[in-house]
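Chemist: In this text, residue positions in the sequence shown follow the UniProt record's numbering: the first is 1, and each later residue adds one.
Derived from the structure by calculation, the hints contain no laboratory data.
A portion of the hints provided could be inaccurate.
Claimed, not checked - Straight-line distance between alpha carbons at most 27 angstroms, and here's what the computed DSS-like set of lysine-lysine pairs gives: (1) 84 / 43; (2) 40 / 22; (3) 46 / 22; (4) 40 / 91; (5) 91 / 46; (6) 40 / 84; (7) 84 / 22; (8) 90 / 43; (9) 22 / 91; (10) 43 / 91; (11) 46 / 90; (12) 22 / 90.
Stated by the list, open to error - Derived DEER-like restraints, expressed as beta-carbon distance ranges: (13) 30 / 79: 26 to 32 angstroms; (14) 18 / 69: 27 to 33 angstroms; (15) 48 / 83: 28 to 34 angstroms; (16) 80 / 46: 26 to 32 angstroms; (17) 82 / 47: 27 to 33 angstroms.
Ideal Cβ placement from N, Cα and C applies to all residues, glycine included.
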Amino acid sequence: MNKSDYQLEKQAKTTAQIEIDKYLDATGMRCPIPVLRAGKEIKAMKSGEILEITASDSQAPRDFRDFCQASGHELLLNEERDGKYLIILKKG
Numbered sequence: 001m002n003k004s005d006y007q008l009e010k011q012a013k014t015t016a017q018i019e020i021d022k023y024l025d026a027t028g029m030r031c032p033i034p035v036l037r038a039g040k041e042i043k044a045m046k047s048g049e050i051l052e053i054t055a056s057d058s059q060a061p062r063d064f065r066d067f068c069q070a071s072g073h074e075l076l077l078n079e080e081r082d083g084k085y086l087i088i089l090k091k092g
């Protein structure tokens, strides 16, 4: 197994171990729309539930980090995969 295969396997295990309650595809949306949509989704969720967001805007990782710090939600995963950003939040 080469290094990139190992990284892909490691990434798959990371998300496979997290049970996702809701998904949001924010691909093609520009700032601030992904965060606004996620805020609307997470508002309807129960504390402790998990929201997975896929985004293409390069500002999304920073925006979601700031969103979680300001709103009390936990940022479980925030990384780039295949040119998109995978963000996983746990409602506070």
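Chemist: All the hints need checking, so say for each whether the structure fits it.
Modeler: The hints, checked one at a time:
no.	hint	result
1	84 / 43	holds, 24 angstroms
2	40 / 22	holds, 12 angstroms
3	46 / 22	holds, 11 angstroms
4	40 / 91	holds, 12 angstroms
5	91 / 46	holds, 7 angstroms
6	40 / 84	holds, 21 angstroms
7	84 / 22	holds, 18 angstroms
8	90 / 43	holds, 12 angstroms
9	22 / 91	holds, 11 angstroms
10	43 / 91	holds, 8 angstroms
11	46 / 90	holds, 10 angstroms
12	22 / 90	holds, 11 angstroms
13	30 / 79: 26 to 32 angstroms	violated, 20 angstroms
14	18 / 69: 27 to 33 angstroms	violated, 20 angstroms
15	48 / 83: 28 to 34 angstroms	holds, 31 angstroms
16	80 / 46: 26 to 32 angstroms	holds, 29 angstroms
17	82 / 47: 27 to 33 angstroms	holds, 31 angstroms
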